[in-house]
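Residue numbers (this note's numbering), protein chains in the order written: chain E, 1 to 390; chain Z, 1 to 416.
Keep in mind the hints are simulated off the structure, nothing from the lab. Predicted, not measured: the structure shown is a model, and the values here were computed from it. From the three backbone atoms N, C-alpha and C, an ideal C-beta is built for every residue, glycine too. There may be inaccurate statements among the hints.
[Said to hold, decoys possible] Derived Cβ-Cβ restraints for the label pairs, each shown as a range:
(1) Z:A41 x E:F276: 46 to 56 Å
(2) E:G379 x Z:E404: 37 to 47 Å
(3) Z:A54 x E:G379: 38 to 48 Å
(4) Z:E404 x E:R28: 35 to 45 Å
What follows is the residue order along each chain.
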Amino acid sequence: MDFDFSDEQRQLHDAVRSFLAKEHPFERSLAIKRSGSGWDPTLWRGLADLGVTAINVPAELGGLGYGPQETLSLMDACGPTLLQEPVLTSAVIATALLNQFAGAAPAADMLRAMACGEHIAAVAHFESDGRFDARRVAARARPDGEGYRLDAHKAVVLHAGMADTLLVSARTAGEVRDQAGVALFMVSRGTPGLLLEEYSTVDGQRAAEVHLRDAKLPAASRLGSEGGALPAIEAAFDIGVAALCAEAVGIMQAVLNATVEYLRTRQQFGQPIGRFQVLQHRVADMAVHLEQARSMSYLAALRCISADVGERRRALSAAKVVIGDAGRFIGQQAVQLHGGMGMTDDLQVSHWFKRLTVINLMFGDSDTHLQRYAAQLRGIRSAATAAPAA
Amino acid sequence: MGLYSRIKRSTAEANMHLEFTEQERAFREDVRRFLRERLPADIRDKVHGGYELAREDYLMWQRRLYERGWGAMNWPLQFGGTGWNAVQQYIFEEEAAQAGAPRLIPFGLKMVAPVLMAYGSAAQQSKFLPKILSGEAWWCQGYSEPGAGSDLASLRTRAVRDGDHYLVNGQKTWNTLGHFADWIFCLVRTDPQAKPQSGITFLLIDMKSPGISVRPIALMDGGREVNDVWFENVRVPLENRVGEENRGWTYAKFLLGHERTIIAGIGTAKRELARLKRVAAAQRKDEGVLLDDPLFAARVARVEIELAALEITNLRVLCDEQKSRAPGPEASMLKIRGSEIQQDISELLMRAAGAYALPMRREAMEAGWQADPALPPAGPRYAAGATAAYLNLRKLSIFGGTNEIQKNIIAKMMGL
Numbered sequence: 001m002d003f004d005f006s007d008e009q010r011q012l013h014d015a016v017r018s019f020l021a022k023e024h025p026f027e028r029s030l031a032i033k034r035s036g037s038g039w040d041p042t043l044w045r046g047l048a049d050l051g052v053t054a055i056n057v058p059a060e061l062g063g064l065g066y067g068p069q070e071t072l073s074l075m076d077a078c079g080p081t082l083l084q085e086p087v088l089t090s091a092v093i094a095t096a097l098l099n100q101f102a103g104a105a106p107a108a109d110m111l112r113a114m115a116c117g118e119h120i121a122a123v124a125h126f127e128s129d130g131r132f133d134a135r136r137v138a139a140r141a142r143p144d145g146e147g148y149r150l151d152a153h154k155a156v157v158l159h160a161g162m163a164d165t166l167l168v169s170a171r172t173a174g175e176v177r178d179q180a181g182v183a184l185f186m187v188s189r190g191t192p193g194l195l196l197e198e199y200s201t202v203d204g205q206r207a208a209e210v211h212l213r214d215a216k217l218p219a220a221s222r223l224g225s226e227g228g229a230l231p232a233i234e235a236a237f238d239i240g241v242a243a244l245c246a247e248a249v250g251i252m253q254a255v256l257n258a259t260v261e262y263l264r265t266r267q268q269f270g271q272p273i274g275r276f277q278v279l280q281h282r283v284a285d286m287a288v289h290l291e292q293a294r295s296m297s298y299l300a301a302l303r304c305i306s307a308d309v310g311e312r313r314r315a316l317s318a319a320k321v322v323i324g325d326a327g328r329f330i331g332q333q334a335v336q337l338h339g340g341m342g343m344t345d346d347l348q349v350s351h352w353f354k355r356l357t358v359i360n361l362m363f364g365d366s367d368t369h370l371q372r373y374a375a376q377l378r379g380i381r382s383a384a385t386a387a388p389a390a
Numbered sequence: 001m002g003l004y005s006r007i008k009r010s011t012a013e014a015n016m017h018l019e020f021t022e023q024e025r026a027f028r029e030d031v032r033r034f035l036r037e038r039l040p041a042d043i044r045d046k047v048h049g050g051y052e053l054a055r056e057d058y059l060m061w062q063r064r065l066y067e068r069g070w071g072a073m074n075w076p077l078q079f080g081g082t083g084w085n086a087v088q089q090y091i092f093e094e095e096a097a098q099a100g101a102p103r104l105i106p107f108g109l110k111m112v113a114p115v116l117m118a119y120g121s122a123a124q125q126s127k128f129l130p131k132i133l134s135g136e137a138w139w140c141q142g143y144s145e146p147g148a149g150s151d152l153a154s155l156r157t158r159a160v161r162d163g164d165h166y167l168v169n170g171q172k173t174w175n176t177l178g179h180f181a182d183w184i185f186c187l188v189r190t191d192p193q194a195k196p197q198s199g200i201t202f203l204l205i206d207m208k209s210p211g212i213s214v215r216p217i218a219l220m221d222g223g224r225e226v227n228d229v230w231f232e233n234v235r236v237p238l239e240n241r242v243g244e245e246n247r248g249w250t251y252a253k254f255l256l257g258h259e260r261t262i263i264a265g266i267g268t269a270k271r272e273l274a275r276l277k278r279v280a281a282a283q284r285k286d287e288g289v290l291l292d293d294p295l296f297a298a299r300v301a302r303v304e305i306e307l308a309a310l311e312i313t314n315l316r317v318l319c320d321e322q323k324s325r326a327p328g329p330e331a332s333m334l335k336i337r338g339s340e341i342q343q344d345i346s347e348l349l350m351r352a353a354g355a356y357a358l359p360m361r362r363e364a365m366e367a368g369w370q371a372d373p374a375l376p377p378a379g380p381r382y383a384a385g386a387t388a389a390y391l392n393l394r395k396l397s398i399f400g401g402t403n404e405i406q407k408n409i410i411a412k413m414m415g416l
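Next comes chain Z alone, as it looks inside the complex (with noise of 0.2 Å):
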């Protein structure tokens, strides 16, 4: 019949699936396992509860996971990582967050290790790589300035030649978790009269250095998360450099296109919509729960099927990740909808505590916080932490290039 008569039937196999293999479910039963048996009761339930971590708990899932020989799922095997395809971190990502893992602080791991790996020398390597790994040494990001955000090629931090040493001066700031950090990698500028791209140098450096000061920038949530970070002719060995004076900006380049299949946190969204579904079904509302409730309800709908539609998108985007197709501009999509959609989240939380969301009380964010046993609760347990939560996610949006970078970068790719 016509054309399509001559076409040659295809297995099923060849046909659209959503279903992994069997050895990729295999995994995840691996996965599943260690999650069980290994990540500590108390990490758990405080992720799960939406309440802070200490240093310690990240530390100590680092080690858990070093361990099992899990401590580096980005790394090749060389380096002592897992060799894990795409896939098999999707799933790791997927299964650690809705277990209530914390996540992998990103610094040491995901941002300087890859380019130390591809950049740095033997001794390098040799002298951080393996701390990192068994979350010995906690790093963290030296990037921004107060007058260098998304526009970051504008640094001024200036490092200057003083015999074997660099003398950094100036300030970095949006400086994450670095009151708990034992190095920071730093972007400094280092020839102030070339390009703005052209003068920058990747240094790593001691945070025990004299003339580091780290001061905490006081948040709308509350919490203490990002600091200020001045350096005060701060002497950095010149064996502290990465590769070669001035190419610091090609470094730090190329971290970004990274970490394409991972970026939208499907699995941290799913883990809190079932929160949100758990909170909505118990919460009391007229004669029955705010479940019942056709509005909140659709609301509830509406984030399901928006992160039904993105876990698919990020699934397409990993069947090219291993196809080795180009990158396209999905990396932005995904970290688009991604921030948004745990953004939505956060904040239906948010409301479903009703007035009980109106309460700061940092002490009841604590997971070993007591009420008053005299006293009826005030508000449901949940609520302590949701409107700080919903206020520190609204960061999703604007750490790691703004959405509307992202926009530029989607717009630029589709040829405008």
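Chain E on its own, in the form it takes in the complex (with noise of 0.2 Å):
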């Protein structure tokens, strides 16, 4: 076993971070959010010259031809810049689902354009009932002539506004959580029938509600078959959750290191707070709580891909928990060891409570995710009771 990063990795963590350090520093991401646009069309061309945008993309479609292990030194270094550029939309989930149809035409010139950061994409999937329950899907697309007419309510999608093409879910057959059925559409900014109602999130990143009303598609905007799509899109969230949790990771490290800093230079009562044993218990606790979650970043990124499903959810489930978990003791705890300062909007530490607060809540919160690894551990019951009698 090994978790060193490799020598690429590291390299690779450290272009991205010295690159936002001088590109994205905290004021700068304090103008973007506080301007309304929602992200820097300047940064994400420098982000792309560096080669993030690439990175999934395999090496024969122009792009880098990284996985896992490289998404998650490059979201760790993202993190604690708490960036509003879609990488995690375009780079991995949007990059992710086209990689499984990369066979065929369409999705290969779409990475190939979005490997050099000319095109975005944006997988517009998750619905207003269905919670984090992926295989709720309602939107329905009809036949009609050679192509479709497509009718959807897509939930809180993410960059949807700055996606050139969305990347769309909806039945073609089944009914409204059968695992057949499913299939997936790519829908580019100005068709017909599309409609954003767009919106901020609390970490100011901007998203979408994404309608498709009787909107008319070619037979070719299909990608892959019809019907079978939604284990591609399961895949493609689950390296997603994996990188998401690689972010979160970042971020707790940079809000304890914050946190640690305030506790030695703010003086009360004479002395540094750092010094109330209160405090130093508090951040402790915090730095067990990034360990373990640390620990289940990595685990996330080495089973992410396996094609063992069962053991790929249970790892996913797991990592969520801990580091839903650990985002929430961290962030709240960070807010509370700052005192009112925590509270302001001019310090990173209330932004990066918000980002992690968003995390725990993204492709489903903790308790989603605990009560999934419960189910399957309740799946192993009649395996269990075969065993000798405690």
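Build the complex from these two chains, which are given one at a time in their own frames, with help from the hints.
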């Protein structure tokens, strides 16, 4: 076993970190957030020049052909700077989804354009009644001549407004929670019948409700087979969950460092408040949470592309539980230990806290994943009863 | 493509991975085979059932290990140890615990022996080490005193020179399994005028010495585990002093920070978690079993997840150890979470028993106990010791440096 970053991962990590330290200091991210634009196309260009948008694209399509481990080092490096640009949305999740269809021209062409940052894609899959259930797809795609007509309402689609293409799931057959019958469509910006209701999320990212109303799509917009897209979509979000875990760990480390620094410098009662044992123990608890979370971010990266779906899901749910809880504890305590200053918009702590809060809620919160993990435990029942009685 | 494209590609082996090497896997198989063949079935069943072990059970296991050449997994070859590296020790601990082997009594093997190897005389080494190895001598620890717990350096047991002997007077407490012991290693005060840490001496004392009395401390679980040990004019030959007079604190401190790689008790926790799952899958509840209960299943899931995270954290520490990196606060982290997880599992085992967690029948905690065959069983067999174990394991967050002391250490290492 080995848990060190490879030389390559370390170089990726350092390259991204030093680029962002220079190009995306906190003041800059604050200015972007406050402008309401939601992102900085120049920064995106810079990230693309660095190769960030290419890392998960196969080499034969002009990408770097990396995988979850390099994504982990990338996301860990991005985390502390609270990027609003669609790295996770487009360069990780949408790329991971398109990679599964890269044998055919439409997806391959799009991946080529995404590798150099010229094209942005977002996956529009989860729906308003579905909470975190990836299998719940009510959106419908009806055959219409050579193509389809789509009706859909996709909920809280991150970066939908800046996406050139939305990858939209819709049923061609089956009931709302059926595994089969889901197809995937490329929907270009400006498609008649596509309506976005845009808003900012609590952490200052841009997102939207995506509505498709009787939108006419050509047959060529369908990716893969009719009705068999769900496993591919779930696989893409599994890779996304692992990336999100890595981002969270990067943030938690930054939050912890900032909190320790604050406790060393903030003076009250004639001494640095870090001398108080109750605060020292809180920091120790934060550190334990962080290391447990880091361990699980590694497990998530190592297992997120496992062919054994059961093992994959178990590892990712476990990781999401530990990281969600750790993010909640570390975020809350960082605000608490910064006192009133932790409440302000001017300090980065509150922004990290909001991002950690959002991360816990994305793709299934701790409770959701705990229940999923527990459900598979119950599945061991028959096997366990065959073992010798305790 | 930008900076990224200029980066040299790593080989696959350089990437992060969880897998043990082929040699390590072969070693694990060796350990498993040995455990299958040489771990006595009655001892194994006692451990799996949570029953009490006798002195002879521990010693029998130590002798079996000794016969195999595995008497001291943490010792170097020159002293008859295995010379195993940290990974091998970890694998052995994990396999042995899961197979139901008794825990190794640490006082001789892991506490006094490393001190003797580092600071003891050649005569002390040849007199004491072989019997620790072979399971002929049982050691216990004389550190804590009624007034010296976490603040160990405030200890007051006195030793004064009397010719070629020390005369020892005082009281030690929280002495684990001292009623089984042949020898005790003690910290005693030899210079009351010096700073607390500077006037302490490390002595080896024969438990059969006149003037020693051992009295059990009654604990809330009803078991006999710890004692008070009194010393009344106990004569200890000078040759039983380790190293120099008044340098004992240095030798005692040498022990701290050892064993960072197996402090978490991953193997034991895995064994008990497996037991919890077996119990919860067999324990009736409503129309099904306890593991069908979503709330109970979620509690089991949470502890399993926490244990999985701790296992990886532990493996990360192992990697650091192998690469000879200076230890950080992670031993303290492993101790805190390892103890909490074991406590959580024991609590769930207790709660699994429902109302049958209430009866306190010491006799039912003996492996050989038979219920009255004329009556239906008074609850499941596992329930008999479940609450006692829960009560007993509260100790895990107290001994070996309380979890609060561990947090002090973490905070200090983080610069607070």
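| said: Let me make sure I understand: some of the numbered hints might not hold for this structure. Which ones are they, in numerical order? | reply: none
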